[in-house]
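Asks: Got chain U; can you put chain A on it based on the hints?
2 protein chains.
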Amino acid sequence: MKVELENVKPMEIEKRSFEIITEELKEQGIVLPEETEWITKRCIHTSADFDYARNLVYSEHAVEKALDALRKGATIVTDTQMARAGINKKSLARFGGEVKCFMSDEDVAERAKKNGTTRAVASMDKAADLEGPVIFAIGNAPTALVRIYELVQEGRLHPELIIGVPVGFVNVVPSKELILSLDVPSIVARGRKGGSNIAACICNALLYHLEGKR
Amino acid sequence: MKVELENVKPMEIEKRSFEIITEELKEQGIVLPEETEWITKRCIHTSADFDYARNLVYSEHAVEKALDALRKGATIVTDTQMARAGINKKSLARFGGEVKCFMSDEDVAERAKKNGTTRAVASMDKAADLEGPVIFAIGNAPTALVRIYELVQEGRLHPELIIGVPVGFVNVVPSKELILSLDVPSIVARGRKGGSNIAACICNALLYHLEGKR
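So the protein lines, in turn, are chains U and A. Per numbering that gives the first Met the number 0, the first sequence starts with residue 0, numbered consecutively. Per numbering that gives the first Met the number 0, the second sequence starts with residue 0, numbered consecutively.
Chain U with its partners taken away, still in its complex shape (with noise of 0.2 Å):
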């Protein structure tokens, strides 16, 4: 079979995928503002969906605290495995982070069902025990964003940023409604979109834009 192959490098895809989305971020009339342009761009480099375009929705300042974070060396907390995966854990590293996922702990599968509730409330609830700045990347259950907002209000949580981007069809909207209402840095992708890879993608371009690469 003939197809056609872009004769392109392997480091030069990435440069050629963001000029792509540049192009038709363009022509569709959709201009981005420069300070978090970037990482909406890594979103849809990550997805090919042009909608993050429109609602990704990021706190006044929102970015550079999440900045200062990694360069103090935040924790990243995720709600899921797979975002744990996804993230560039030796790029965080060389900021002396690390990415923690509680979901399969016993100890939090074991605190859930004494709660009755589901293992990412415990899994935040272990988080809130974490020493030092915390950045938390949920991009799967909404019942994590309820319960980080509880923690919040509560004033037993302090997070350096929220990454609030779970998918889904049930309770996934209004629990990042939840998070914007909070006087906390948050970036929300808002409406029913998100998942496990734009939780992980939005990391990444923060500590891909640290390290000067991208």
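Rather than coming from a laboratory, the hints here were simulated on the basis of the structure. Among the hints, erroneous ones may be present.
All copies of an identical chain are treated as equivalent in the list; a pair is satisfied when it fits inside any one copy or across any two copies.
Straight-line Cα separation of at most 20 Å, SDA-like style, residue types lysine to any residue; simulated pairs [stated by the list, open to error]: (1) Lys14 to Leu24; (2) Lys88 to Glu105; (3) Lys113 to Met10; (4) Lys14 to Phe49; (5) Lys40 to Gly190; (6) Lys40 to Arg191.
Replies: Chain A only, in chain U's frame:
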């Protein structure tokens, strides 16, 4: 802040989500073939993106053959650790299967360097040496799909199923067309969309179907 959260038990959320997807497909006038709709709907569930109702292409008897292969303990090979993380390994193990991702292997890095290819290509070459039935779940690298195509053409690879769902803007579309041209069972997301999440999701849909869960 007052938001409206639906009072749905965690176990019921997936069921309710599929009901919503079914309703909205109906509203959009989309009728999915019965043999594959449970896979397509799970992809929509994973992404909140109804484009998957239109872009997924199933080769004839692909699902039947894939289910047979999984029943026989097929190995699933992924091109990202993220896809590997997303596949339900407990469910797969019940049938004697496991997931392999060679992308971080040292011999793969060496082979890629020596041959001047991507690591994805070297991973597929390594996969060609596997014993027993193999399913490929490719959600990232078009070069992996191109290499699978070549290996099949050369008679060196006889996969039970190729899940061809890389995402992106360069060489993604034609790499999928190559797979569609083969006389090998395949599930392909035609066009730019896909991802490691979609690759894992299709594997899980097949596994849950086998378990009679959904």
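Asks: All the hints need checking, so say for each whether the structure fits it.
Replies: Outcome of the hint check:
For a Cα distance limit of 20 Å, the shortest separation of Lys14 from Leu24 inside one copy, 15 Å, qualifies, whereas the shortest one across copies, 36 Å, does not. With identical chains, the CA atoms of Lys88 and Glu105 are at most 20 Å apart between copies only, with a shortest distance of 18 Å across copies and 23 Å within one. Taking CA atoms no more than 20 Å apart as the test, Lys113 paired with Met10 passes between copies only; the shortest distance there is 17 Å, against 50 Å inside one copy. In this homomeric assembly, Lys14 and Phe49 come within 20 Å of each other (Cα to Cα) only inside a single copy, at 17 Å, whereas the closest approach across copies is 28 Å.
Taking CA atoms no more than 20 Å apart as the test, Lys40 paired with Gly190 passes in both settings, with 18 Å inside one copy and 19 Å between copies. In this homomeric assembly, Lys40 and Arg191 come within 20 Å of each other (Cα to Cα) both inside a single copy, at 19 Å, and across copies, at 15 Å.
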